[in-house]
Amino acid sequence: MQQFSPLLRRDQQPVRYLVVDDSVFARKNLIKMIELFGGEVAGEAGDGLTAIAEYNRSTPDIVLMDITMPQMEGIEAVERIVRQHADARIVMVSSVGYQENILAALQKGAKHFVQKPVKPEVLYEILRYVLGDDPNGVAAPVALAGEHQL
Amino acid sequence: MRMELIQPFINAADAVFSESLQAPTKIVDLTMDENIYRRKGVAALISIKGDIEGRVILDLAPEVAMRVAGHLAGSPLPESEQVIRETVCELANMVIGNSVTLLNDQGFRFKVFPPEIHMSEEGLGGSADTEAMVLCVETPCGQVYLNIAMHYLHRRRREQTAVPALD
Chain R
1036 MQQFSPLLRR DQQPVRYLVV DDSVFARKNL IKMIELFGGE VAGEAGDGLT AIAEYNRSTP
1096 DIVLMDITMP QMEGIEAVER IVRQHADARI VMVSSVGYQE NILAALQKGA KHFVQKPVKP
1156 EVLYEILRYV LGDDPNGVAA PVALAGEHQL
Chain F
3 MRMELIQPFI NAADAVFSES LQAPTKIVDL TMDENIYRRK GVAALISIKG DIEGRVILDL
63 APEVAMRVAG HLAGSPLPES EQVIRETVCE LANMVIGNSV TLLNDQGFRF KVFPPEIHMS
123 EEGLGGSADT EAMVLCVETP CGQVYLNIAM HYLHRRRREQ TAVPALD
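Line by line, the protein sequences are chains R and F.
One gets the working numbering by counting positions in the first sequence from 1 and adding 1035 to each.
One gets the working numbering by counting positions in the second sequence from 1 and adding 2 to each.
A couple of the hints might just be wrong.
Claimed, not checked - Keeping only pairs whose Cα atoms sit at most 20 angstroms apart, straight-line, the calculated EDC-like set for lysine to aspartate or glutamate is: (1) 51/F x 6/F; (2) 113/F x 1075/R; (3) 113/F x 65/F; (4) 51/F x 1135/R; (5) 1067/R x 140/F; (6) 1063/R x 1114/R; (7) 1154/R x 16/F; (8) 113/F x 1111/R; (9) 1063/R x 83/F; (10) 42/F x 107/F; (11) 42/F x 83/F; (12) 1063/R x 21/F; (13) 113/F x 1108/R; (14) 1063/R x 1075/R; (15) 1063/R x 88/F; (16) 1154/R x 21/F; (17) 1063/R x 65/F; (18) 42/F x 6/F; (19) 113/F x 21/F; (20) 1063/R x 81/F; (21) 1063/R x 1079/R; (22) 1067/R x 88/F.
Stated by the list, open to error - Calculated Cβ distances over 10 angstroms to all of chain R for the following chain F residues: (23) 5; (24) 12; (25) 28; (26) 41; (27) 64; (28) 83; (29) 137; (30) 138; (31) 155.
To be verified - A few chain R residues that don't get close to chain F, going by computed Cβ distances all over 12 angstroms: (32) 1063; (33) 1071; (34) 1073; (35) 1121; (36) 1144.
Rather than coming from a laboratory, the hints here were simulated on the basis of the structure.
We put the CB at the ideal spot given by N, CA and C, even for glycine.
Assemble the whole structure, with the sequences as input and the hints as a guide.
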């Protein structure tokens, strides 16, 4: 299995993630990658409304947000979260990657977009980029023995 | 049946399974079929309406769905109908999402409906004149079947309303 240098906050604590997807199975897949990157799951949600509540409860460093979900779609949830928390860092994760969708998400305040199926190495680079401009941000990953640094 | 409408679905299925399972896949048994579709396992049917219209069926055996779920979750999962449904739904969403991205970027506009899951004994409905491309994707977890019927809406309308010229 591919190995990654841990992504840590500047205070050397694990990065905390909120994972939002209506499919339990898709959430498990993302959580597996988060653990591979040395992260911690702050919360999970299966729709946009729950995501907003979970964000307020857990104040994660990063949100991984699906677009098409019941009750409230991901793009609307992004807009509402960013309205309350201007510093929220949200990465959209969707199988539908056409430009209108990406632009709409970015306009509402999402920081990046990754298309499903998610490749761990692609998500890792996106997370490094998104965490890079965060004051709590990412500490320079330290390569451990036997690991490669991307 | 226009291959330019079918090809994005074939490419997307190949990419989704090889990337998700991180192993090579192979497309086999590519055929045209005009018969009512007979389901082989658990099937997700997704309808598309707009500039192009049709439907895609993604069909796999429950044990194949469980193996895929276990692979993606990182460890084997206890077998349940919900996991099977979720797996088939998510795979269908990924294949369709990737295909419609390609078609949308080519300028086609359409609406994609959420997947309908079929697990019961009855076959999936389909009209006798539905010409579909049927293919099988061989993956390390087992075989996955795709049945794709897609056409241009404007072309079909023009064909339906065409009146033979009189001398």
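### Query
Can you give the numbers of the hints that this structure goes against, from lowest to highest?
Checked against the structure, the hints that fail are numbers 2, 3, 5, 6, 10, 18, 19, 32 and 33, while the rest are satisfied.
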